[in-house]
Every structure is written in C-alpha cells, then in structure tokens.
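Undergrad: Residue numbers (the numbering used here), protein chains in the order written: chain H, 1 to 466; chain X, 467 to 798.
It is worth saying that the hints were derived from the structure and are not from the lab.
None of these values were measured; they are calculated from a predicted model.
Among the hints, erroneous ones may be present.
Taking CB as the label site, the calculated pair distances span [to be verified]:
1. X:G616 <-> H:F17: 47 to 53 Å
2. X:D470 <-> H:E161: 21 to 27 Å
3. H:W310 <-> X:A782: 55 to 61 Å
4. H:G213 <-> X:Y786: 44 to 50 Å
5. H:G125 <-> X:L725: 23 to 29 Å
Here are some of the chain X residues that sit facing chain H, going by a computed Cβ distance under 10 Å [stated by the list, open to error]:
6. V626
7. D649
8. V674
All residues carry an ideal CB built from backbone N, CA and C; glycine is no exception.
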Amino acid sequence: MIFGMDAEILARAQFAFTISFHILFPAFTIGLASYLAVLEGLWLKTGKQVYIDLFRFWLKIFAVSFGMGVVSGVVMSYQFGTNWSRFSDIAGNILGPLLSYEVITAFFLEAGFLGIMLFGEKKVGKGIHFFATCMVAIGTLISTFWILSANSWMQTPQGYEIIDGRFFARSWFEIVFNPSFPYRLMHMVLAAYLTTAFVVGAVGAYHLLRYKGNEAARTMFSMAMWMAALVAPIQIFVGDMHGLNTLQHQPAKVAAMEGHFESHKGAPLILFGLPDRAAGETKYAIEIPKLGSLILTHEWNGEIKGLKEWPKEDWPNVAVVFWAFRIMVAIGTAMLCIGLWSLFLRARKRLYDATLFHRAALAMGPAGFVAILAGWFTTEVGRQPWVVYGLIRTKDALSPVSVEQVAISLALFVVVYGIVFTTGVYYLLKLMRLGPLTSTPDGGPGEARQPMRPLSGSDIPLDKPE
Amino acid sequence: MGIDLPLIWAVIIAFAVMMYVVMDGFDLGIGILFPFFPDKRDRDVMMNSVAPIWDGNETWMVLGGAGLFGAFPLAYSVILPALYLPLILMLIALIFRGIAFEFRFKSNRTKPLWDRAFSYGSIVATFIQGAALGAFIQGFKVAERGYVGGAFDWLTPFAVFCGIALVGGYAMLGCGWLIWRTDGDLQARMFKFMPRIGLAVALCIAIVSLWTPIAFPKISERWFGPNIFFLWPVPALVLACVVLLIRAVKLKKDVQPFLLTLALFILSYLGLAISVWPNVVPPAITIWDAASPPESQGFLLVGMLFLIPIILFYTAYSYYVFRGKVGDDGYH
C-alpha cells in the first residue's frame, strides 16, 4: 500500500490517466479527418480559394494531433500486458485479435495514405489526393470500429465460451457485433464530430473577434455552427438510446448514473444530490417526480431498479458515475443551446457580428473534450467492479507486479506526459492562433517536411529565433 | 496435414522484431553517436539522414507487440510484467526521442535541449532493449500461467552486459548507415570510427556466444551436441563478416560496411533464435503452449497477410525516394 492505495487502484489510475490523454487526440483527429475530406471535396467542387486555405490550415493541426495520438497510443498497446496481464491471459484469445486489428488499421493508415495526404498535394493529381484524404477519414473510422468493438465486448460480452477459466472465441460475428457496440460506436463517432466542430467553431470565433471580415474564419465558423445545430440533437437522441441499451444490459450502471439506491415504481429524476455509497442513499437530492421512470421506461409508473438489488461488492463508485454523467449531459445541453442560438442568429443574418455569441463559442472550444472524458468515466467507472461485465472482476485481472512498480511508472507517466503534451498542446494552440492563410512550402527531399512523420506536416517554429 | 498456425505466427513475429531491431537499430544508433559528434552541422546531417524513415521503422515494434498479444497472449502476459519497469522506461525514452526528433526541426533556442533528449532517449531505449534481450535468454520464473519472479530479476550482470553490447551494436549500425549516406569530412570520420566500434561489437558477440552456453546448459546442448555439424556456419559467417567489414572500411567502400553490419545483426539474431527455439518464453513455454486457439490466430492472420506486404512495399518505396547522399540541407 502506498498512501493507502493498492496496486489495483494505482493500475486503474494509470490506465485512466494514460487513456484519458490518449483519447483526446484520436477523438479530435476522427472528426478532423472527416472535416478535411469535406473541405477538400468542397474545394474540388466549387474551386473557391477559401476551402483550400482552410484545408491546408487544418491539415497542419491534424498532423500534430495525429502524431500525439500515435505517441500516446503506443503506451496503451503495452499496458494490457504490464498492468493487466491476468486479464491478457484470461481474455487474450478474444481481445488480442480485436486490439491488434485496431493497431493494424492505424498503422496501415500511417504507412499508406497519410503520407500522400500530408505531403503529396503537389506530387499527385487532385483526384488521387482527395482519394487519400477520404481513405484517411474512413480509416480513422475503421480504427474506431475495432477499438469500440473491443471495449463494448468488455461491457456486454457474448459469442464466447469459458474453458478452464479462460475465454475462447465461439463466434467472431457475435463478439464484434455485441449488444452495446452499435450504440457506443454511434455515440462516440458523433462525440468526435461534435468535439471537432466546437474546436473549429472556437478557432473561427477567435478570428472573428479579431476581424469580422476574415472570410476563412466566417466559413469555418458557419460550418462548425451548422454541425452543432444538426449533430447536437442527434447526439442527444443517440445518447438516450445508448442509455436504454445500458439499462437492458447493465442496469446497475444506470442505477449509479441516476443515483438510485432503492428500487421504485414511478421513480423520480434526480437532478442533483450527493450519492453516499456507504449510507446507501443520495443526500440532498433535488428531484422531479416520475420523470426518471418516464425517461428510462417510457411509462409514468415504470419500475427502475436501485443499486440495493445487487450486493454491495458489485456496486461501482456511485459518486464518480453520477457526477461524470451529469457533466456530460450538461455539456451536451450547452452544445444544443449553442446550436439553436446559431440558428436564431443565422435567421436574422447576424451570425458573423454577434460578439457575445462568438465569446460563448470560444469558451465552448474545449467542451467536447470534457464531455468525452466525462462520458468515458461514466461508462468505464460504471462498469466496475468488473473488467468483463459480470464475468471477471477487475481485481482478478491485475498483473502480479508490486504496488511500488505501478506507483513509480504512474509517477513517470504523469511527469513525461506533462512535459510532452504540454509542449504539443502549446504548439497546437500556437498554430490555431496564427490562423489560416499562411503559405505552405513544398515538402520533399531536403526539406524539414518529410513523409512518414506526421508532425513534420507543420513547419511553423516552436519557439522564437535565437 | 493441417497448417501449423503457431509456427506461422512465430515466423511473423520474429520477422517483425528483426525488422525492428535492424531498422530502428541504425536510427537509434545515430542518437548514440551524438555525443561523439557535437558540431551542430554534423548533427543536422545525421538527423536528416533518418528523418524521413525513422517513424516507419518503429512501426515494426508496434506490429510485433500487437501480434504477440493477438497470437501468443500467454507470452505477452508473462513477459510484460516480468520486464515491467524496464519496458516503461523504454517507452518513455522512445517518446522523448520521437518528440525531440520533431521539435528539434521546429525549434531555435531550445534546440540543444531537444538534442539532449534525442541522444539520452536513444541510449536509454537501446540499453533497455539489450538488457531485456538478456533477461529473455535467462528466462522467466513462471507458475500457473503467470510471472512469479521479482521486479528486478531481469537485472543480472549478463543482462547489463547485453544492454551495453546492444548500445555498441546500434552505434555500429548507425555508423555504417552514415558511411553510406554522407560524404566528405563526416564520412571520413565515420570511416575512422567504424573499425573501433566494429571490433568492440565483435568482441561483445564473442563474449555473449561463450557466456550463454556456459551459463545455460540447454543452450550449450543445442549448440555443442550433434547439431554442431549443421550449425557451425553461423559463427563462421560472423567471423567472415567482421573480416570483410574491416577490409571494406580500408578500401573506403560506401555501401558495403552498412550491409555487413546488417549481416552481423541478422546472424546474431539467427544465433539467438537457434538458442531459444522453440520457446517463446524461456525456459519452458513453447510457441505451441502460448498460442491462442486456431480460431483466434486465423482470424488475425487474415489482416496480417494483407498488411505486411503493403508495409514492406511502402517502406521500400520511401527508402527509394530518399536514396543517395545527405548534405547540410538534406538530400542531394
């Protein structure tokens, strides 16, 4: 034990820390890759200069984010073995191939189309370049497909048999397309799109606040706000379906999300409160009567099971799940409001000169990232105490390594990620502040810009000259 | 007769690891050589020579790691906890080095800082890879499908020696690469450096080749039993490579030194494979023990067979594009 923490909680903290860092970059690049494909497509169709300027601007940011995602992803692919080796042995026959497919797809992309997309604009024809951009966009989605399939299988396992305490694949189709997978995939892809839309919107708003006539800023701001207005409502609908799916397969998780300890018919919706796991109640709850049942069962008097239906050792950390869920929902609602506000301003033709709205959009820039993290904390902490839901407990998945080793490595990761990603994010913000319309030199032999190195897709200096 | 999937997978993973060792080997070697070449212009040329390809080189490590988890989950779940701290350190060293590579090109005032991160990162990562290799040869304490040894079981004089030897080995590969890719003054200095580092590495290979059969009876049996009749070419070829390497440097050949250092690595790798075969976790877990069932290995094999040719093709293509000598400002 170190500071009262055992190897299990430290290993979980390490996974949470490294994956929380990691998920931000792929989530952003998934959305950005599709956005780039749209921009290039619009440029090819209309021939308008502003689209290709925007394409080149966001391509640099894509390159740096992709590089950061690869760096933090390598660590993830080893962590299943270092910290969770029992789990790797027990479930490796199923998760090994799924995770390997994710890695293979990601690297296939890097080896194949990314080089052309980042560096080939002047080397290949327009059509081939657009094709490469589309392939990168599709590839990021295929990568998402595999990783979410693996994750969903841990939440709602099927298609397996257990022999001598280890999992064996019985049907790959059932494994890949497990019950929560379609909902989780949709919810995550839309989250990635919304996150990107709000970053693009914030960058657009920042440049509009400086100069309202900036055409590139107007275009990206308008596109981002269309995205917010259209996708935020869809995301709320999909999120609701995902919640109903969770109620069907993981009712204890939903009970923790809602803060219900007792089962009720006609359950209230708890807006806020302090879930107290030890006491088994949500204190100071502010409730709306019957609404909880209506949302989850679509009946005024539908029954909702409380956590007390399950033994206490099967409860997740209720407070974390409860609050993370509320943060996610609050941000989703704020995104919807921004979308509606944009429609209102657009109808009055004031989208580009509503300063207050631009400030709000700027403030909402990082909102998608926070919402994604909150959503992941909801679903992953809500999965506890299981690593494969209902089948293997997290404590039985741990590596036989000492608490000191896990503590040391966690400390190292915190320090190194702090340095590396602070530099990376500083650099990204610097690129965003500069804005579009900076010319891009040719790449190729003898240049600092080289294929195969995503980060060299940008040539803006990191610091001031000597 | 059925297809021996574990054997196919063992070959794929061994191939991926070998590709990683020789390819990332020479670009890590450039970081190891950095302290000997403090001039900024030299360093620019050295880094430029691997700038277009180092990232692709590291792909092979990820492919090997992912393949190991997919095809031999038992090996993955034993080896990674056994080498817990060294592996974490290696990943961190590689992160630093990779980021240094990128930000060095974009920095002005902070350049010396990134230089240091690049050099130290390369040395630490290489030393750990060598030590991990030593630990692998030593074998791991296993009970009930899990590692049961301590956190520092890997840290033995043998492993430390392997670590130092690999630092020398990668420096040699890097030196060979630079002889090929540079010209003028820098190339001349690399020519001077090569015999020294080459002989040091040859000495290390000789020591490991004697140390392993003495310390590990199984390896002694493998090499000095009746097998010696068809295994003797391996050490003989190693010797021939060293002699040819010295000669090629004397004759100031451009490409030959690098090819010969590659040959030395491939032969040593082959020797290692002969020593541990058919174990994937020495001393007792074979590739068949650790294999995931055929439905898992087969499922993943489909993707791998599609991917590996594409990676090989793209790698060859980018080496072709960036062929020739590197000058102060990049490729000529």
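Undergrad: Using the C-beta atoms of H:W310 and X:A782, is the stated range 55 to 61 Å upheld?
TA: Since the Cβ atoms of H:W310 and X:A782 sit about 57 Å apart, the hinted range of 55 to 61 Å holds.
Undergrad: Does the Cβ-Cβ separation between X:D470 and H:E161 fall within 21 to 27 Å?
TA: 24 Å, holds
Undergrad: Using the beta carbons of X:G616 and H:F17, state whether their distance is inside 47 to 53 Å or not.
TA: 26 Å, violated
Undergrad: Just to be sure I understand the hint, the distance between the Cβ atoms of H:G125 and X:L725 should be within 23 to 29 Å; is that true here?
TA: 37 Å, violated
Undergrad: X:V626 was flagged as interface toward chain H. Is the shortest Cβ-Cβ separation under 10 Å?
TA: 19 Å, violated
Undergrad: Can you tell me whether the CB distance of H:G213 to X:Y786 sits inside 44 to 50 Å?
TA: Holds, since H:G213 and X:Y786 (Cβ atoms, about 48 Å apart) stay within the stated range.
Undergrad: Hint X:D649 vs chain H: min CB-CB distance below 10 Å?
TA: Violated, about 15 Å.
Undergrad: Could you check if X:V674 really has its C-beta closer than 10 Å to a C-beta on chain H?
TA: For X:V674, the interface hint is violated, since the closest Cβ of chain H sits about 26 Å away, which is over 10 Å.
Hint compliance for this structure: hints 1, 5, 6, 7 and 8 are broken, all remaining hints hold.
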